[in-house]
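Visitor: Spelled out, the chains give:
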Amino acid sequence: MLRPWIISALLGTAAIVVAAEPPAGGLDPNDPLFKALQEMKGEIDALKREAGGGMSPPKRAPAGMTPPSMSPGGKTSPAMQRPSTNKRTTSPPTSAMGQGRELPSPPRSIAAPTLLGPAVRTTTDIWSFQRLKPPPVPTVKNGGWPRDDVDRFLLAKLEAADVAPNPEADAAALCRRAYFDLTGLPPSEAELSAFLDRRDRGAAYAELVDKLLASPRFGERWARHWLDVVRYADSVGRSWNAPFTYAWRYRDYVIDSYNRDTPFDKFILEQLAGDQLPATDPETRRRQLLGTGLLALGTAELRPESEEQFILDRVDDQIDVTTRGFLGLTISCARCHDHKYDPVSMRDYYALAGIFYSTYTLTGQGWQGDSGPGGYVDASRLVRLPNLPDGSAGSYMPGSEGADVHTMSDYQRLWSGGLRNIRYATDPNVAMGATDDAPLDCPIRENGEPYARREAPPRGDVRIPSLPKLPPIPPSSAGRLQLAQWIASKQNPLTARVYVNRVWRHLFGRGLVRTPDDFGSTGEAPTHPELLDHLAAKFQADGWSTKKLIRTLMLSATYRTSSAADTSGASKDEANALYGRASLRRLEWEPLRDALLAASGRLELERPQIVLVSGIGGKAGQSAARGIFDVESPYRTVYLPIIRGGLSEEYGTFDFPDPAQIKGDRETTTVAPQALFFLNDEFVVDCCRDAAERILAEPNLDDVDRVRLAYLRLLGRQPTADELASVRDFVTSLDPQGSARDPIAYRWTALVQALVASAEFRYLR
Amino acid sequence: MKLNARRLCPDTLPIHGRRAFLQQSANGFGSLALGALLSQWASSSALQAAEAAKKYVSPTAPKAPQFTARAKRVIFLFMEGGPSHIDTFDWKPELAKLGASGKSRPLAPVFPFRPQGKNGLMMADGLFPHLAGHADELCLLNGVTTKTPSHHQGIVSLHTGSENFVRPSLGSWVTYGLGTESEDLPGFITIDPISHNGGAQNYGSAFLPATFQGTRLGSGSGGVPNIRNNHMLGDDQRRQLDFVQQMNRKLLAQTPGQAELEGVIESSELAFRMQSSVPQTFDTSDEPQHIRDLYGIDDGTTERFGQACLMARRLAEKGVRFIQLTSAGWDHHNNLRSGLQGRWDAIDRPIAGLISDLKQRGLLKDTLILWGGEFGRSTADDKGDGDGRGHQAKGFTMWMAGAGVKGGFRHGATDELGGAAVEGKMNMHDLHATILHLLGLDHEALTYRYAGRDFRLTETGGVVAREILA
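Protein chains in written order, with this note's numbering: chain A, 119 to 883; chain B, 24 to 493.
Mixed in with the good hints, there may be bad ones.
As the list claims (entries may be wrong) - Once the Cα atoms are required to be at most 27 Å apart in a straight line, the calculated DSSO-like pairs of lysine-lysine come out as: (1) K120/B with K341/B; (2) K259/A with K329/A; (3) K666/A with K329/A; (4) K690/A with K429/B; (5) K341/B with K170/B; (6) K170/B with K458/A; (7) K259/A with K690/A; (8) K126/B with K737/A; (9) K126/B with K406/B.
As the list claims (entries may be wrong) - Which chain A residues face chain B? A few, computed with CB under 10 Å, are given here: (10) D431; (11) Y459; (12) D635; (13) S689; (14) E768; (15) F796.
To be verified - Residues of chain A placed beyond 10 Å of chain B at every Cβ, according to the derived structure: (16) T257; (17) E423; (18) D488; (19) S527; (20) G535; (21) G641; (22) E767; (23) G770; (24) V822.
Source of the hints: derived by calculation from the structure; they are not laboratory data.
C-beta atoms are modelled at their ideal positions from N, C-alpha and C, and glycine is treated no differently.
Full structure from sequences and hints, please.
Guide: See the structure below:
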């Protein structure tokens, strides 16, 4: 479809030779700032030498880079490489106050005199900061309708507004809803029939929910919701965008955690401080280390203006994902000034920053000023995992040409040897993650400027009114464990509220708090505050079990209501603010693509266990980070690599969030490119052809049976008699003359594609 | 004062909260006096939103500006690499007197200057003869500054207003604020964007809905994706869509009032129409020879950028809101003379042709053209060979032409050697605020609530350069 002008434009681009290179450091050497930075760098280096050589991170990975047979595997303690002292200190850390020698200020005045006094508010009336206690369950008039207290809370409001809830959805709609909500896949026609054939509908539905909660597909569906919140990606983004070779280990950890139903409080501990937790067996230790991948996944500028800028940007990302993801608080707002709306001061921010300032983050990458012989990509900068004696951790797989490709330099060696499309080797015992660095409190930075230092508040000394205090942090540790305990505590009023709201949002289309990532004063108040508190308290009492929470919600009468809106209740509450009926919900990109693959018969349920990315970063075709699977591949969408800035068009078309952003609430836009995707996309057409061939290949069926099968597979229901007639009219109106394809296959493909292109395929009724 | 619709009427957002701004502004909040009428406006727009909830409104439907707009659309001619201001639009006689004196020493302008047009703007003589013929249309901004003289930071900051964070691009903010007048084309199109130094971030929508991101044309994907039906014959696809729409209407009958379903039905028809209208827009073979000549399309030197400029005109005619073209290779550390000459040879006639063509079609009066790169170039000789300059952030030149700006006008100035802006300074926030102002948008009121606060393109800065308003 390229027009000649576009082609010539492309050729034109290729012909341009840009003979230019930026000066060192990206700054004009004549710029006083550049000179200042140079001078400062000299001073810092001198101070570091004085202080005992500073520390360099591991340059080569020892054991992990050779096949397990040659490595001293089997150790249960992590052989993580980490510096002996904090990179940010200039003298040995003598106290938790970090009263080491001050770094010099840059030889120019950056900071204005401080106007930012300790303006910590002393009171707060924000609803989400109030103590969580279960509210009394309201009494309702229609005592026969509720199946759970959840329904009573909702029904009380419905009755107050004189709105009757919808009746239960028809069995087929309910079945399809449950499958997609719990597994992200449609029921097969056999599964659907089995459900529809049951006379004891109530018991059958409860059994179905339990079966789906136990399915390995459940974790693949629900992990993706969490990955949206934690800005998961397989490359670092920003200017260099080097690949994360082992981000997928964290992704798989999240999937497994959902499948195991790891209690959410433990899930928090593992992700923020898994390396600090006790473990008696290598498997547990492994899992706990994998959790800390959360802290390593942020975007980073690998060619930063300064080292301190690089470190503080990372700390900021870690604060942001921790506080917004778990607490719904936008504490990052306080990096440069006290929070404008919430009772969070700059001092609180830097008290938290000290915890991550004392943390060493291992991403498998090095930045420009510290990249070592491996280059930007370097697997030696990863967390080392204990090997599993039973081999269940997987085995070592060499990269292209059987080579041990672990670093950018390994990659470039093969590249200069003429090899293209180079694959990295896969080491079963490394992962992204974090470990303690030498502890050092983080000085407040005036206006967020890296070199405008003020006093350093003690790590973890967060004084947000109404929130409990962090447990005391031992002088020898960064304090991530105490931070995690503070968040995962029943006394923290935010954690459980934020999480149950996230779960609610995925089952009912919008949160009880419609700003799931913002529970501060700028977020919205809950529409059903008592219900939210009821769920949060019950969640804590149920041992923070995600599966129990989901089960409660899905077995409620509210979840089971039909979406029909031609009812009197619907006319009284058009926006469905009271949850009197199920909302139509559009499927996200992942279940849409997975359902297409399922219909085509090509869906591969296996989990790929290899490094998913190629490239080393940068812009050129062979160097740019890219995934080794594309949209056409048979794997479930959750397993396709997420390259920042490099997602194919369909992701944006169906509102996949920017993976640089924390986003617990995806948009739902309705735009023409979505229709064009279903009408013309090659992947869609291929899947429809395969799906039609599969239907045609079924033995002993007549055409009407086949149409029924198509409806069952694609829409999860039987066609009506009217629809059968419309199908006949449509299929016979087609004119396959002149198509190279078999006319029968042509007609059936057209029908399958029509069903796929319908709104019903895209929506949960 | 902030126009945050969500804060004013949080309970009227049944379809989707984020769309409230769009729906309300689709009903035209420009017609009401702000301030005193704010409370009245809030309640009436709450009603309008409730009305709108019943009806599907495309998120990119055209929206009235906040106040009278001077420009309806933008064509941004992005010069990647940082073109020299000293050798083109910023005449520095004092620097010329110093001549060439070696590495890191001042380097005189490498082209002669001459007054151009009725107002006698001093510009390089002979470097861009066609553009010089339009000197009276140009509004030179000689005092532009950016924060960091490195390509990545400069480019990302030019496109998004922030060099440290991933933020929505200028084009996506504009499309978010105004929608698009083109029924069947994306509202924000970028032709041949660079893939490095931020890459897709430069036309991305970050936390704004993805529908406002720029559509990339001219790359491998072929622009508007999936625009061609390659698998169904004759009228079969129409028959197929009729069948689909019949199903969709049936579903809508069961769940009346579902704006999203109406959206599926309407956007499917639009998609079908786009299959013929989009290729027509992109097929320039119907352009007469004199137009081809105007843009230099049959000349190998100007063909590429000429085609891009011609496309820009066709997209502007169709009502596309924000169009960006990119010319790469302006980073002249070396071969300043031949490099600049070569780059200008490739774009001079196309840009002049674009200005003439827009003018003769009556489009220049409401199209804002913006020309420039991420920074300028140093007064000093970069390598000591008298033929190259380094990066310079503290003062450089961009220019505007067309809707709402004074022609034959110079705003701002650098010091006598061209090393730093001293008058009429415009940093990136000021530039963006001015562009939004020309489009009828208040940069302080165009906000989006994300992560607990109202984000703006201009962050906490931005001053409109009122001096340049015609």
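Visitor: For each hint, tell me whether it holds in the structure or not.
Guide: Checked hints:
1. Proximity of K120/B to K341/B is assessed by CA-CA distance (about 49 Å); at most 27 Å being required, the pair is judged violated.
2. Of the supplied pair hints, the one linking K259/A and K329/A is violated, its CA atoms being roughly 34 Å apart against a limit of 27 Å.
3. The hinted pair formed by K666/A and K329/A meets the criterion: a straight-line CA distance of about 13 Å does not exceed 27 Å.
4. Of the supplied pair hints, the one linking K690/A and K429/B is violated, its CA atoms being roughly 56 Å apart against a limit of 27 Å.
5. The suggested pairing of K341/B with K170/B is violated, with an alpha-carbon distance near 36 Å, which exceeds 27 Å.
6. Straight-line distance between C-alpha atoms of K170/B and K458/A comes to about 25 Å, which keeps the hinted pair within the 27 Å bound.
7. Between K259/A and K690/A, the direct Cα distance comes to roughly 19 Å. Compliance with the 27 Å bound is thereby established for this hinted pair.
8. Annotation: proposed proximity of K126/B to K737/A is violated, straight-line Cα distance about 31 Å (limit 27 Å).
9. In summary, the hint linking K126/B to K406/B is supported, as the alpha carbons are separated by about 5 Å, within the 27 Å threshold.
10. For D431/A, the interface hint holds, the least distance from its beta-carbon to any beta-carbon of chain B being 7 Å, beneath 10 Å.
11. About 7 Å separates the beta-carbon of Y459/A from the nearest beta-carbon of chain B, less than 10 Å, and the hint is met.
12. The beta carbon of D635/A is positioned within 10 Å of a beta carbon in chain B (closest approach about 7 Å), and the interface hint is therefore held.
13. Restraint check, S689/A versus chain B: the minimum CB separation of about 8 Å is within 10 Å; hint holds.
14. For E768/A, the suggested interface contact is upheld, since its CB lies about 8 Å from the closest CB of chain B, less than 10 Å.
15. Interface hint status for F796/A: upheld, as the beta-carbon distance to the closest one in chain B is roughly 8 Å, under 10 Å.
16. Every C-beta of chain B lies more than 10 Å from that of T257/A, the closest at about 26 Å, which supports listing it as non-interface.
17. Residue-level check failed: E423/A sits 7 Å from the nearest beta carbon of chain B, not beyond 10 Å.
18. For D488/A, the requirement that its beta carbon stay farther than 10 Å from each beta carbon of chain B is met, with the minimum near 18 Å.
19. Every C-beta of chain B lies more than 10 Å from that of S527/A, the closest at about 21 Å, which supports listing it as non-interface.
20. Even its closest Cβ contact with chain B, about 25 Å, leaves G535/A beyond 10 Å, as expected for a residue assigned away from the interface.
21. Once the 10 Å rule is applied to beta carbons, G641/A is inconsistent with being away from chain B; the minimum gap is 6 Å.
22. Annotated as non-interface, E767/A brings its C-beta within 10 Å of a C-beta of chain B; the closest such distance is 5 Å.
23. For G770/A, the non-interface assignment is contradicted: its Cβ lies about 4 Å from the closest Cβ of chain B, within the 10 Å cut-off.
24. Distance check for V822/A against chain B: the nearest CB is about 17 Å away, which clears 10 Å, and the non-interface claim stands.
Hint compliance for this structure: hints 1, 2, 4, 5, 8, 17, 21, 22 and 23 are broken, all remaining hints hold.
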